[in-house]
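2 protein chains.
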Amino acid sequence: MEKLSDIGEDALIDRVTVGLPLGPEVVTGPGDDCAVMQSSDPEVYELLKTDCLVEGVHFSHGTDPEQVGWKALCRSLSDIAAMAGTPRAALVTIAVPADHDVSTVEGWYRGLKKAAEHYGVSIVGGETSSLPENAEIAFLSLMLTGTVPRDRCLFRHGAKVGDRITVTGRLGGSFVSGRHLDVVPRLREAQWLASAGADRPTAMMDLSDGLAKDLPRLAKASGNLGWRIDFEAVPCHDDCDVGAAVGDGEDYELLMTLPSESADELLKSWATAFSDLPLTVIGEITESEKTPLTGGWEHFRKG
Amino acid sequence: MEKLSDIGEDALIDRVTVGLPLGPEVVTGPGDDCAVMQSSDPEVYELLKTDCLVEGVHFSHGTDPEQVGWKALCRSLSDIAAMAGTPRAALVTIAVPADHDVSTVEGWYRGLKKAAEHYGVSIVGGETSSLPENAEIAFLSLMLTGTVPRDRCLFRHGAKVGDRITVTGRLGGSFVSGRHLDVVPRLREAQWLASAGADRPTAMMDLSDGLAKDLPRLAKASGNLGWRIDFEAVPCHDDCDVGAAVGDGEDYELLMTLPSESADELLKSWATAFSDLPLTVIGEITESEKTPLTGGWEHFRKG
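In the order they appear, the protein sequences are chains A and B.
Residues in the first sequence are numbered consecutively from 1, following the working numbering.
Residues in the second sequence are numbered consecutively from 1, following the working numbering.
With the rest of the complex left out, here is chain A:
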């Protein structure tokens, strides 16, 4: 019997997404940070995202439930940001055993509401389910919708040879330090980048599984391109080294490629607009050369 641990998450997704029914209103199906749909307004795309948090995988038992709720919504908001979108509505699914305490679920909702209010999202519904009594886990799933002007939507594909590989903020050590619980979705920053006309990113995504996993996905989506990374340029958090910054994941920063001819100019404007958040060039897109990257998170894989 073939197990999921034998093939890993990426191969599983490749298999099950073959032949998915996709109607003419689908702009982008599986494979980007959000699904993109045409809306009844020809100038506006609709964004759809689903995401889940599992106790014991995405957060530890005993974690402050309000922080769990905050993270649950903000992780999905980070995917809306990755498309340069504006979030709109969320639905919340929770599944917990019947002997779970009520106060934890109420705490999750406090965090969800706090994040929703902060980022202007309506929580319009959801679903609650029991889990079998012996299941010592808890499960939160988020569904999120958003919108983006058609001419501002940024995809994973679109990077060109020579484009500057660029990241917001600092990377690494997120899970160990607990920073992963305080996800700050880069919504405003992404919208600013998408409004930069010809200087805007050619491709963008958010860093959730780590640069080592996510950059190859962006390069693959852009026509099987490669990458050259200058490790000394990678902006690390003070409490970790460049290995952690490349491999840890859970950064929820933006990874993008900038046209080489205008990257310097854009970085200057950025420094004025967002003086507290670095925007850093860490390498460039190549035709096929690939700087070896190790680490990154993939579900089902062991070790």
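Since the hints were made in silico from the structure, they are not lab data.
All values derive from a computational prediction rather than experimental measurement.
One should not assume that every hint holds.
Identical chains share a label here; the pair holds if one copy fits it or two copies do between them.
[Said to hold, decoys possible] Quick list of in silico lysine to aspartate or glutamate cross-link-like pairs, EDC-like style, CA-CA up to 20 Å:
#, residue 1, residue 2
1, K114, D14
2, K220, E287
3, K220, D14
4, K3, D99
5, K3, E106
6, K3, D64
7, K3, E66
Chain A is fixed; fit chain B onto it per the hints.
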């Protein structure tokens, strides 16, 4: 410590939905079969639904995975039907332990694709997560969007005293017989009902938790009204009695209230349009009298 089993699902939902952020574009938030949002087209509402299936709760270990996939999507489609909507896009979240076999997940997707193709739904993305190794469960969550013309949307609220309580199909014995795996969402039927002008239902929902749980919800949403049920009129499946028909749940038929003056006329037209599916009056809405109903499914409650 207060546990979920102490308060039950309905009380939990009442607690956590207090003070949810709801923007002006929200027509109906939590509490109906779908959330209803204004869209960029003023004549069209957007419907949003999330739903989940847990192994050991909604289906047994060893159930044909293709049937599980079919049920997962069609349960949500039944909620789109309950609003008289047309489904549009689905996202699929699965969470399973790493030692789970690949073929089961592939089977789920075969069922999901089959249902999506049959009902014209695009599967535009999703999420996969591992579960801790000791978690002997599997989890599927569906996110679904749909649309409905603004003047055709049917809600749980709207029933009036004297309205005829009416159901499609036959009820009861769904889980024991295995019928719950072959959910047939009443999409076409619901759209037909919603197009009946002044004769259309005043309120509608789908029967997922059983008449004993669901009818009180419809009556409560319609201004704390009551109900009188004629048990002899309840259309039971051949393999079960009226107790099962009222209490079992998982029927995925439509429960609606029809204006008394035109109900007979509508039933006649129905019989021509849908000769294979009964539409049956089983009682009427009252001001406060409530025929006692026992049974129905509520998560977290024991026994």
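Verification of the supplied hints:
1. In this assembly of identical chains, the alpha carbons of K114 and D14 lie at most 20 Å apart only when taken from different copies (18 Å versus 36 Å within one copy).
2. Within a single copy, K220 and E287 get their C-alpha atoms as close as 11 Å, which meets the 20 Å cut-off; across copies the closest is 64 Å, which misses it.
3. Taking the shortest alpha-carbon separations for K220 and D14, only the intra-copy value of 13 Å comes in at or below 20 Å, while the best inter-copy value is 46 Å.
4. Taking CA atoms no more than 20 Å apart as the test, K3 paired with D99 passes between copies only; the shortest distance there is 5 Å, against 31 Å inside one copy.
5. For the identical chains of this complex, K3 and E106 are inter-copy neighbours only, at 12 Å across copies versus 36 Å inside a copy, given an alpha-carbon limit of 20 Å.
6. For a Cα distance limit of 20 Å, the shortest separation of K3 from D64 across copies, 17 Å, qualifies, whereas the shortest one inside one copy, 33 Å, does not.
7. In this assembly of identical chains, the alpha carbons of K3 and E66 lie at most 20 Å apart only when taken from different copies (18 Å versus 35 Å within one copy).
When each numbered hint is compared with the structure, no violation occurs for any of them.
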